[in-house]
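Trainee: So the protein lines, in turn, are chains A and B.
Quick note: to get the working numbering, add 120 to the position in the first sequence (first position is 1).
Quick note: to get the working numbering, add 464 to the position in the second sequence (first position is 1).
The set of hints was computed from the structure by calculation and includes no laboratory data.
Being a predicted model, the structure only gives us computed values, none of them experimental.
All C-beta atoms in this analysis are idealised placements derived from N, C-alpha and C, irrespective of residue type, glycine included.
Treat the hints with care, since some could be wrong.
Said to hold, decoys possible - For the chain B half of the interface with chain A, some residues (derived, Cβ under 7 Å), not all of them: (1) K467; (2) C510; (3) S512; (4) T514; (5) I531; (6) R537; (7) L549; (8) D557; (9) P558.
Said to hold, decoys possible - Pairs of lysine-lysine residues, derived as DSBU-like cross-links and limited to a Cα-Cα distance of at most 30 Å, are as follows: (10) K242(A) <-> K404(A); (11) K519(B) <-> K344(A); (12) K597(B) <-> K478(A); (13) K344(A) <-> K242(A); (14) K404(A) <-> K493(A); (15) K519(B) <-> K597(B).
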Amino acid sequence: MTSSNDFQWRRDRDGLGVWEHRGNVAVVGYGHSPVDRRWDGVDLDSSLGAYTIMACEKAMEQAGVTIDQVDGIVCCDSHIAGGSGGTASQWAPRPYFDPPYDSEYGLTLINAQWLINTMGFKNVKFAPTGVPTIGEMVGMASQAVGDGVCSTCLVIYPTGNMEGRYRRGGENADDYARGARQWTVPWGNHGGNDFINIFPHRQYLMKYGGEHEDLVHFVRNQHKNGMLTPWGYNATHNIQPISVEDYIGSRPILNPLRIWDCDRPVNASAAYVFTTAERAQDMKSQPVYVLNHSQHNFAFRTTQPDLDEVEMWTDRQAARMYEGAGLGPADVDIFNPYDGYSIMTQFFLEGFQWHGVKRGEALSFYAGDITVKGPHPFSSSGGNLGNGRTRTAMYTDSIEQLRGTAGDRQVTVRAETALCAFSTPSSGGWLMLGKYPS
Amino acid sequence: MPKIIPVPDELSQPFWDAVNERRLIVQNCIGCDRLQYPPGVDCRVCESATGVEWKEVEGKGHIAAYIVIEDGRLNRRMPDQPYNLALVTLDEDPTVNFYSNLPGTPPYEVPVGAAVEVTFEEVAPGQLIHEWKVVE
Ligand SMILES: [Zn+2]
Chain A
121 MTSSNDFQWR
131 RDRDGLGVWE
141 HRGNVAVVGY
151 GHSPVDRRWD
161 GVDLDSSLGA
171 YTIMACEKAM
181 EQAGVTIDQV
191 DGIVCCDSHI
201 AGGSGGTASQ
211 WAPRPYFDPP
221 YDSEYGLTLI
231 NAQWLINTMG
241 FKNVKFAPTG
251 VPTIGEMVGM
261 ASQAVGDGVC
271 STCLVIYPTG
281 NMEGRYRRGG
291 ENADDYARGA
301 RQWTVPWGNH
311 GGNDFINIFP
321 HRQYLMKYGG
331 EHEDLVHFVR
341 NQHKNGMLTP
351 WGYNATHNIQ
361 PISVEDYIGS
371 RPILNPLRIW
381 DCDRPVNASA
391 AYVFTTAERA
401 QDMKSQPVYV
411 LNHSQHNFAF
421 RTTQPDLDEV
431 EMWTDRQAAR
441 MYEGAGLGPA
451 DVDIFNPYDG
461 YSIMTQFFLE
471 GFQWHGVKRG
481 EALSFYAGDI
491 TVKGPHPFSS
501 SGGNLGNGRT
511 RTAMYTDSIE
521 QLRGTAGDRQ
531 VTVRAETALC
541 AFSTPSSGGW
551 LMLGKYPS
Chain B
465 MPKIIPVPDE
475 LSQPFWDAVN
485 ERRLIVQNCI
495 GCDRLQYPPG
505 VDCRVCESAT
515 GVEWKEVEGK
525 GHIAAYIVIE
535 DGRLNRRMPD
545 QPYNLALVTL
555 DEDPTVNFYS
565 NLPGTPPYEV
575 PVGAAVEVTF
585 EEVAPGQLIH
595 EWKVVE
């Protein structure tokens with residue numbers, strides 16, 4: 121089997137030109153498990169493993185693909201939220217269960233090998249290890265299918281959550297700061313995209329004007345779109361959109377960052393089927409085509425990225441995506457950037473200049489009509505603020521909008537191209553989808 | 465509560481040794497003559513093969529922005545909440561920045577744009593860290 125290390129799949133440099141497989145790769149199915157707040161540690165039918173199997177089965181069913189036809193599995197181990205967070209968030213030392221739940225796999229981790237063993241895939245020839253996040257996995261799968269490394273590839277993204285407050289414990293409970301943390305932790309930065317983005321956000325408000333609370337229009341709209349997303353956490357738990365007063369009165373975390381600026385960790389899984397545009401013609405679902413993928417992992421110049429750096433990074437992401445897809449800002453109908461913290465989304469909106477929004481204009485854009493039925497249906501997915509921290513709503517909504525199957529979320533403007541991402545300003549990746557291959 | 469204690473490694477040992485002598489040093493790139501902090505094996509800007517050397521700086525800066533940590537994830541710092549976390553740029557090269565809790569400045573009362581100077585704070589016996597104080 122091929123590991124990710126010996127397959128050159130990344131498009132992570134400037135000036136790579138039009139993607140050589142533009143329009144030759146298609147997404148033909150998706151599947152979502154239920155989205156729970158946490159796994160209770162008891163019910164194996166709602167474990168991360170069970171939910172991942174369910175998501176795979178739904179995605180394959182939608183595409184009309186059988187287990188024997190799948191020859192690629194791109195699955196990252198997990199991005200578990202959990203009490204301790206990261207690698208410290210595990211089921212052990214508690215006793216395991218009967219197979220296939222006799223190790224961390226299926227409980228807090230999922231990988232291709234566990235799925236092959238548990239679901240009975242027989243013809244998988246591409247199952248890389250060390251797979252990155254969904255933001256990059258969709259690019260990896262697109263390149264693998266385009267290059268002929270595999271022809272029918274499942275992309276699987278499990279996001280686990282057990283008991284305990286988000287990322288308390290582990291190294292955050294340590295009295296010492298080692299490695300890169302010696303430069304951040306002594307002063308209180310626990311590390312993460314909240315800290316990375318809150319300072320550029322503060323500088324943004326100082327440079328362009330506006331108040332942090334102006335984000336409420338965006339946050340509320342995410343909640344509204346979430347309520348229109350039948351599989352998401354908010355819709356399945358009747359989480360009504362917050363009011364302006366709720367938002368302003370909510371608990372500060374990294375003031376001015378509030379609790380409602382942060383997505384809600386969940387226990388859920390999602391899967392997608394990627395295949396060649398040619399094979400997609402014979403499948404039972406309507407394909408959407410991959411027009412480009414790109415990745416980025418920008419090194420910090422110093423301790424903390426500032427506004428200039430974040431704007432430069434997002435400009436470069438946009439340039440890479442537009443160049444590779446052979447499209448420009450005016451060609452993009454659906455725009456689903458990452459919103460795990462509300463404070464970073466404006467950098468993408470302005471960097472990609474969606475609907476002509478320039479630097480410094482995002483907050484006034486948010487205050488206008490950004491509803492899905494209006495002229496500027498920004499982030500029609502509801503993202504992670506509206507659906508829970510699955511990091512996949514952006515992809516599923518984009519597919520549905522292009523197919524015309526987004527139901528109550530279906531936009532009224534043209535829906536022929538979509539940009540979607542799990543990407544922060546500094547790292548991650550983007551995907552451009554098209555209703556047509558060219 | 466005392467702050468979290470940095471653990472020097474091979475790369476950072478000279479830096480923390482200097483801090484323990486109440487001196488602030490950063491790297492200077494021999495290739496492009498830029499200052500660099502936190503330290504790296506190479507210059508992050510030009511990746512020059514000529515390498516980097518340590519250079520003492522004056523320890524003067526300005527506050528670029530700040531937040532107030534009210535509900536952070538670090539156990540040892542929780543009793544300090546709410547506390548300021550400021551972004552301080554170095555006057556000798558404002559593309560170099562540092563974090564600071566701004567000792568002496570009450571939470572939420574941070575004078576953005578004000579001048580600051582380096583100071584040193586003991587976080588464990590024999591281990592100082594660099595901090596920044598508003599210049600009165
Ligand atoms: Zn240099």
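Trainee: Decide, hint by hint, whether the structure agrees.
Mentor: Results of checking the hints against the structure:
Interface hint status for K467(B): upheld, as the beta-carbon distance to the closest one in chain A is roughly 5 Å, under 7 Å. Taking 7 Å as the C-beta contact cut-off toward chain A, the hint placing C510(B) at the interface is violated, the least distance being around 12 Å. Interface hint at S512(B): violated, since its Cβ lies 15 Å from the closest Cβ of chain A, which is beyond the 7 Å cut-off. Annotation: interface hint on T514(B) violated; nearest CB of chain A at approximately 19 Å, more than 7 Å.
At about 5 Å, the closest approach between the beta carbon of I531(B) and any beta carbon in chain A falls short of 7 Å, and the interface hint on this residue holds. Hint on R537(B) holds. Least Cβ distance to chain A is approximately 4 Å, under the 7 Å limit. At its closest, the beta carbon of L549(B) sits 5 Å from a beta carbon of chain A; the interface hint therefore holds under the 7 Å criterion. At about 9 Å, the closest approach between the beta carbon of D557(B) and any beta carbon in chain A exceeds 7 Å, and the interface hint on this residue is violated.
Look at P558(B): its Cβ only gets to about 9 Å from chain A, farther than 7 Å, so that hint breaks. This hinted pair checks out: K242(A) and K404(A) have alpha carbons roughly 22 Å apart, not beyond 30 Å. In summary, the hint linking K519(B) to K344(A) is not supported, as the alpha carbons are separated by about 54 Å, beyond the 30 Å threshold. Among the hinted pairs, K597(B) with K478(A) is inconsistent with the structure: their alpha-carbon atoms are about 37 Å apart, more than 30 Å.
Distance check on the hinted pair: K344(A) and K242(A) sit about 42 Å apart at the alpha-carbon level, beyond 30 Å; violated. Annotation: proposed proximity of K404(A) to K493(A) holds, straight-line Cα distance about 29 Å (limit 30 Å). A hinted pair counts as satisfied when its Cα atoms are at most 30 Å apart, and K519(B) with K597(B) qualifies at roughly 22 Å.
When each numbered hint is compared with the structure, violations occur for hints 2, 3, 4, 8, 9, 11, 12, 13.
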